[in-house]
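Chain A is fixed; fit chain B onto it per the hints.
Protein chains: 2
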Amino acid sequence: MTSLGDKGSVQTQTKVLSQDSWTQVSCPCCVSKQVEPLVLIQLSDSVQPVTKRWLISLIETSKRHGGAALLAHPGEDECGDVVVVSAPRCTFLKATEDLGLCKKYHNEDMVAFSYHDRDNFSNVDDMQEFLTLAERQYIVKNELDSLQAQKKQRIPGIPEAPGVLEAWENICQKLVRAGVIKDIFPLHDQQRLNDLGRRWYSKKQIWGQPLDAIQSYFGSTVAFYFSFLDFYTWALVPPAFLGLVLTFLLPGGGGVVKEQAGEGAMEEDDDGPSVSGHMVQAVFSMLWSTLFIELWKRRSSSLSHRWGTLNLAERFAGPRPGFHGTLGLNPETGRLEPLFPEWQRQLRVGLVSLPLVGLLMGLVVLGMTCFYHGEALVQGFHQDSGSLFSGVLLYMPSMAHIVYTNMLGNVYHAVAMQLTEWENHREESSFQNHHTTKVLLFTFFNNFAVLFHIAFYKQDLPLLRKRLASMLIGNQLVNQCTEVVVPFIVDRFLSAPHKKEQEDDLEMDKLRAQRSLPPYPGLFAEYIELLLQFGYLSLFSCVYPLTAVLLLLNNITEIRGDAYKICKLFRKPFSAPVSNMGVWQTAFEVLGFVSVMSNCWLLLLSPRVQEFCLEGGISGKNIILVAILVEHVLILVKMVLAFMIPDEPDWVRIKREQIEFNSMQALGQQVRMI
Amino acid sequence: MTSLGDKGSVQTQTKVLSQDSWTQVSCPCCVSKQVEPLVLIQLSDSVQPVTKRWLISLIETSKRHGGAALLAHPGEDECGDVVVVSAPRCTFLKATEDLGLCKKYHNEDMVAFSYHDRDNFSNVDDMQEFLTLAERQYIVKNELDSLQAQKKQRIPGIPEAPGVLEAWENICQKLVRAGVIKDIFPLHDQQRLNDLGRRWYSKKQIWGQPLDAIQSYFGSTVAFYFSFLDFYTWALVPPAFLGLVLTFLLPGGGGVVKEQAGEGAMEEDDDGPSVSGHMVQAVFSMLWSTLFIELWKRRSSSLSHRWGTLNLAERFAGPRPGFHGTLGLNPETGRLEPLFPEWQRQLRVGLVSLPLVGLLMGLVVLGMTCFYHGEALVQGFHQDSGSLFSGVLLYMPSMAHIVYTNMLGNVYHAVAMQLTEWENHREESSFQNHHTTKVLLFTFFNNFAVLFHIAFYKQDLPLLRKRLASMLIGNQLVNQCTEVVVPFIVDRFLSAPHKKEQEDDLEMDKLRAQRSLPPYPGLFAEYIELLLQFGYLSLFSCVYPLTAVLLLLNNITEIRGDAYKICKLFRKPFSAPVSNMGVWQTAFEVLGFVSVMSNCWLLLLSPRVQEFCLEGGISGKNIILVAILVEHVLILVKMVLAFMIPDEPDWVRIKREQIEFNSMQALGQQVRMI
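Chains A and B are the protein sequences, given in the same order. The opening residue of the first sequence carries number 1 in the numbering used here; numbering runs sequentially from there. The opening residue of the second sequence carries number 1 in the numbering used here; numbering runs sequentially from there.
Pulled out of the complex, with its shape left as it was, chain A reads as follows (with noise of 0.2 Å):
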């Protein structure tokens, strides 16, 4: 007991949370002296005692038997309403096993681990030390939801209608719906959460993140978006660079715009950046999106290595708590589990899902039409009339279209989750996946249509300069305050004598005044703030080429209102191990193909190549026939661009064949049993 770190804080917090009234252990290798709470399950104020036995006792059986194989503490106060929960040694690195999880193996070598090697594996006595607190945090949560009733059975102490178990039933589920169990989250670890926060930051720490120290107490997804944020923040220093060059030291540059936009004047309109400097822009814009992509591929996948989730198993783990099937023999594992066919699945996605989805998008774009025409019907009315009423009328479609996008998003929502509910994905990522994909789709169309519709019905470019500065900015302002501003004031004001515990509180109340946070609302909004300003920058900063800069400046701050705000204003999450961003990457992916057809349509647009052809003589169908060409070059050449920079390091290639390789080599050393 001599390392810092997680062992010192669970000996602070084991100074009060009794060490008697944990589960006691009979395998050998499991006894320890110490357990570190590590989940904590609110029960409902009015649960009877009996049925908090029955759930102790179900946590605490071993998995033969039914249970979870977890480390279970009543709690230890009046209320008697939380179960705290942890795990001994086995589970844990059963479950390593399970999950498919890289240790470092003596050799130091990543190595996928395997509980009959466990021997080998550096650490493996230790498991604060072999895994990382999410990690730990992950599979006790990973164990409560892997609960299933063995037979049909009545919970104790609950009414009838509510408390039949079917067998088969998902146990934690049942009990969250019968109001039960109230809430499940994961512990914060007071001591390493403010020494995180000390690196992470505070004043002294500006360039880069302790990412590693991030993985291992938040775990990787959200070390990824971290580590994404970061590598997004420095590569926009060099199209901030471009920006500034063509900005202020071009003649005929974007500066005067800049002005411009400030004053509201609107005289000099076809005053934008000159033609090379726009075609450098595009070009260049074009070029550095693939690059970017491409090298976060390969930064991606060396994390992933480092982190040891290169080769995780989801595809062969438990299905997802939700997800419901006939009962059957897995044909890849041979358990027994519920079974729902992938081509019912692609048809539900094809030929429910798209549609729909499709079908709502055009909602929007109805919805915007009908303001367009509305708009343009109530200004006629209000000229000719010029009464109050018509005064009064003018704000008439802006309004209904603000509440009729609102339902409308509210309705995108509940249906996005139904469909991806009913979709019935197998696996936890694949969920996600697929109902990230779905609301992203939406929220990026709601946000970008008015830019699109300026650009490419309108093709008013004075108007989407100003229009994108506007938004640049303004989100920018109203972001920062939100995110880093008002955080602050009521963390260091409002919330002041929450912050005040007293170093005599009881263990047991400290822990249960976390759930006095509200929960983490997760990384969908982070990531789609990335994403749209990415897209404003690949997409029009041609017209505009500050963007960057502006984005540079707001990510210096995003990144520290980003991690307060984790560390401090919420309840820590649970957080899968993942080996890369998922379906984000893809967005960027696509954004960057789109923004491709869409320089080249601005270029086409910008007034100086309009001049151009008018005194070269050159027809209006001819230069589009040009801008298209152009196009599908363009994109030959970003695809030929990706295809070859590789997606991973050398060395992380070798080191996954190395994996594959000695699995084939395993594989037929072992006589089979099939």
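Think of the hints as simulated: they come from the structure by calculation, not from any bench. Ideal Cβ placement from N, Cα and C applies to all residues, glycine included. Hints may contain errors.
[As the list claims (entries may be wrong)] DSS-like cross-link-like pairs, simulated, lysine-lysine; straight-line CA separation at most 27 Å:
id, chain 1, residue 1, chain 2, residue 2
1, A, K297, B, K638
2, B, K297, A, K638
3, A, K621, B, K297
4, A, K104, A, K152
5, A, K638, B, K568
[Stated by the list, open to error] Estimated spans, in silico, between C-beta atoms of each pair:
id, chain 1, residue 1, chain 2, residue 2, range
6, A, L287, B, P159, 53 to 59 Å
7, B, V245, A, V590, 49 to 55 Å
8, B, V490, A, L287, 54 to 60 Å
[Claimed, not checked] A short list of chain B residues far from chain A (calculated; beta carbon distances all over 12 Å):
id, residue
9, H65
10, Q153
11, R154
12, P162
13, E166
14, N194
15, F431
16, V450
17, L463
18, P518
19, P646
20, F661
21, Q669
Coordinates of chain B only, in the frame set by chain A:
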């Protein structure tokens, strides 16, 4: 010895080829009364007996001592210029594992063969049932190819300079360069070949082909080609039907066009298919090509599973013979072999090969441009002067162009081979793919440049229609002649004496006689013919709806012709086990995407659309914008469709994942020895 087929014919052959002269084996499991002659090494006439003895002993030596562990037979005639090679059971089994071939397990599953677990596989005692003839011959060739000098040594019986083997030098390549080995080729098994021919191209056999028998006799490379040809022919039925309907049933269809083309009448040039027919054809063609490729992928993967090539281990086998690099430990397999960093290869491909190929394509375009300019110039001159000299001059540009194109083609082929060798691919399949891609691009470009020029630059639809029809009919006639009629005549009438082998001919002579046939030129020409066809169909068919009908008719004879060719007119080719068509599949896929662009463009050009626009008062600029939009949407639809249709049937996916799961499990069970 009761089953027919393989073994029957071995008995026939072994009547003559004395079994005693084969290498005597010591391994008890490898002893067999009859050895099947598989591969023939043709030595030069002038080879010294001492060299031949040295080669035979090398072939016979165990692998541990640097040999090939095969069986050799010195031949039994006075010339002494052949070595017949076969392999013992142990060598076959170990090579099967190294190749990663799947074989039938005792429970009828296809399972990656493991030498360790050999007794659980079906037919493992009888190599002629266990491995196909093509596999046995490929294994022998592979073992011969992997012979390497253990240390610097002299080849006995060869003069000093070319006779010194450096350490790790490839022995077979060296012997070919030194003129000792003239040829290495697999031997036909006449009885099986006759059986196969009867089932394949006889008059009775019209529908379907004996794919499994083809795979067994000629190997999966050849079998995949014929499976694809079969699949493609069937897939042509719907577009052919549509073409017939559009041509003969719809009002204003292309029936007139056909007559026009026949009579050379030029009056009613814009009387092509109607707008609706045009659009139906274009959209259908887009959907059809997507479905065709996606369904072929599924068929391909199920064939690959049936033929046991689903998880080949080429990456983990030794490098291909031409591969060179610094000697070192392969980080994946831990074996000593030449190493060459992947990034260096990528750099060579990207920075040298790609620009060079681009340059040569540019020269093709340059040639075409010069040709058109020259022709215009000469025509003008002829109209002005009208002399005999100017009449002769008229032919000059096209003759110069033909000479130029031919020279360029020769240069290109040489450059492509050199470049691919220089890229230094480790795996044979990777080498083939890169080489094929290069040649393919050029051939395709050469063939379609004229059509593209007419469609995109001249924008002359009637000319395109005529050119397409004449190319289709012309090419098919020429191909059918060269592929079927001429070979048939040659085989039946000219080479009759060769066919009448006497029953009492020496077996050795029969074997050697196979060398008199020309070596099989490979499948490149066959595949490119299909690809060009597919190009005519998908890129331009909307201007000439009868394309599919013509292709369908062509393919039905093509199948028989190709089959006859490979069986009768050429030496048997070696064929590596492969799991798909490799780069050809990608080529067809890419063509599908290009076809969307070309169809949109042709639709835009069609006279009816132009008329329609004029009537509706829509400007040419707007109609182009609509066409771009349609193109982008169609490409999106195509990508969604391709994504929605899984690339392998569910049952193949399950089998594959079973294998993955098993090897993961096996890896877990094993205590590694890293």
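Structure versus earlier hints, numbers of those that do not hold, lowest first:
Violated: hints 3, 4, 5, 7, 19, 20 and 21.
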